[in-house]
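Participant: If you want the building blocks of each chain, they are given just below.
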Amino acid sequence: MNENSSTGNKPDVNVGQTERIISAVAGGFLLYNAIAGRNARFVKAGAGAFLLYRAVTGNCPVYSVLRKKRMPDPARNINVRATLTVNRPRQEVYAFWRNLTNLPLFMKHLQTVTDLGGGKYNWVANMPGLPGNVSWDAEIVKEEEGVLLGWNALPGSDIDNAGKVTFADAGENGTELHIVITYRAPLGPAGRVVARALNPLFESLIKEELRNFKRYMETGEVPTIQGQPSGREPLGV
Amino acid sequence: MKALCWNGTRNLSIERVKDPVILNPKDAIIRVALSSVCGSDLHLVNGYIPTMKAGDIIGHEFNGEVVEVGPEVKKLKKGDRVVVGSVIGCGECYYCQHDEWSLCDNSNPHAEMQEKMFGYPTAAIYGYSHLFGGYAGSHAEYIRVAYADNGCFKIPDGVTWEQSIFASDALPTGYMAADMAVKPGDIVAVWGCGGVGQMAIRSAWLKGASRVIAIDRFDYRLAQAKSQGKAEIINYAAVNVLEELKALTGGRGPDVCIDAVGMEARSGNKLEHAYDKIKQDLRMQPDRPSVLRQAILACRKGGTLSVVGVYSSFVDKFPMGILMNKALTVRSGQMHAQKYIPHLLDLIQEGKLDPSYILTHKWSLDDGPEGYSMFNDKADNCMRVVFDPSLSSY
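Protein sequence lines correspond, in order, to chains A and B.
If you're matching positions, the first sequence starts at 1 in the working numbering and goes up one per residue.
If you're matching positions, the second sequence starts at 238 in the working numbering and goes up one per residue.
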């Protein structure tokens, strides 16, 4: 799922960020020197151009020949990690989570989860900052009863995402949940900029929904002050 | 209904707002009988607690009559007379089930805000800023109580509104200060002789203290500590507290030092007070720690510091080295209302405790703004102003 068709074929990135910056500065200096200076102008121009190529593309042909490993693309996947403890027995917590159509009961940004059969589910959510709803189909790809649940979004999703939740006993009566959600922004590089800007919001949204899961599992309700009186809506004395 | 709203620093007003309704299945609506000012409200009124919003209804110490219950409320019914704990506990999380109700995992809808400041969220408190949940407070005709089965306690027969009101907050806070620290035979020093300090003095005796020493600067409060609390007294504006405490304890120092003052502490040393006040007003330190500093110096080696006065976040010039080298123990916390209230109501019913003497003024809710300025200025020998929404000021 790490291929992104909209970005097309590009040379592999095998130069680190710091090295790319150094290449850019050094390449620029050599090119300037080649134009302004007198000695070895062609050598300098050639070396400068090579360094600038490395800086701009992130690809170094020499490294390719030497088979240096491809660097991970830092902007490609965005991970959200969360850990929480729910004061309920593990089997109960797992069973409630596994019944995914329960989740919109307390996850406020989740509109619906529909069971499509065969381990596939349709998810519809509204994200603050984004117009309309986003939807995706996801498939449960890993499942160990009471221990682990992993999913992958199917092709055609608004948000390409995958995730894993593990459940472990915590003390006499509690369950520890470890959650990793990975998502990839739509629309290639432009989408990445937007996604990076929205990520803190998205991360806090996911964490709030997980808090709501704990609140609902433990107390059967989600605390709220929406709808209470205040002097911000005075009725006039 | 009428409600007392916070509009900004030292700006309170009575507004007409909509009545509260049941929002969650475990909610109840209470018709407020009495609602007390609290020293910790002064931190809000004076603008030292962040995350207040103009229009917030304040007040967190109250009792009243149940008028409506949500579908999941099992123990209460319409007409019950109840006193309600200030701190909101869900009853189901690890902390509530271990009787540490003010650490509740679930009651604060703004948990994220607290996680960022405190690392982990604590319980919500009625009428006490959005950091503490943003729940509407009790200086109103009606209030919505969350997790009502856990938060409401039936007032025993024969116990009046006036006797039970302080079982909501001042009494359990003072009681917890003693319960966390005092062992039989201990000499206990209490800084602050307001409502909480008075209750801490009474509670220290209940926990077996051999002597109780009360410290304040207002003679009328010290007089109450002496007459009602049977405490020895020190006026810090008149004498050197450290020397006086040494003299009173055979040169050893008190075993337990209770801070019932908190973040707006004053110092007997004018220079120290000016230093802390200026830094606080310039927002360079949120809290003034002069009582903490003095208590750490005064406490006997290996003694216990019990902090129930409210602090918001950071203090400067905290004598950590003295605390460490003297091997002091620090106990602290917002009070675990639900843990203590049943026992305290029993003590009141049995006549072993009557906190109603700290109720010095019973006023109409319309007089809320004036009540707070009197309480803030310690005018008219005011210990506590309590609002009765059924009274009319006209």
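Worth double-checking, as some hints may not be accurate.
What the hints assert, rightly or not - Below, simulated DSS-like cross-link-like pairs (lysine-lysine); rule was C-alpha separation at most 27 Å, straight line:
#1 B:Lys-599 <-> B:Lys-239
#2 A:Lys-207 <-> B:Lys-311
#3 B:Lys-444 <-> B:Lys-467
#4 B:Lys-538 <-> A:Lys-108
#5 B:Lys-290 <-> A:Lys-108
#6 B:Lys-255 <-> B:Lys-315
#7 B:Lys-290 <-> A:Lys-207
#8 B:Lys-315 <-> A:Lys-108
#9 B:Lys-444 <-> B:Lys-599
#10 B:Lys-290 <-> B:Lys-311
#11 A:Lys-164 <-> B:Lys-599
#12 B:Lys-444 <-> B:Lys-290
These aren't lab readings, by the way, just hints derived from the structure by calculation.
Participant: Just pull the numbers of the violated hints for me, sorted ascending.
Facilitator: 2, 4, 8, 9, 10, 11, 12
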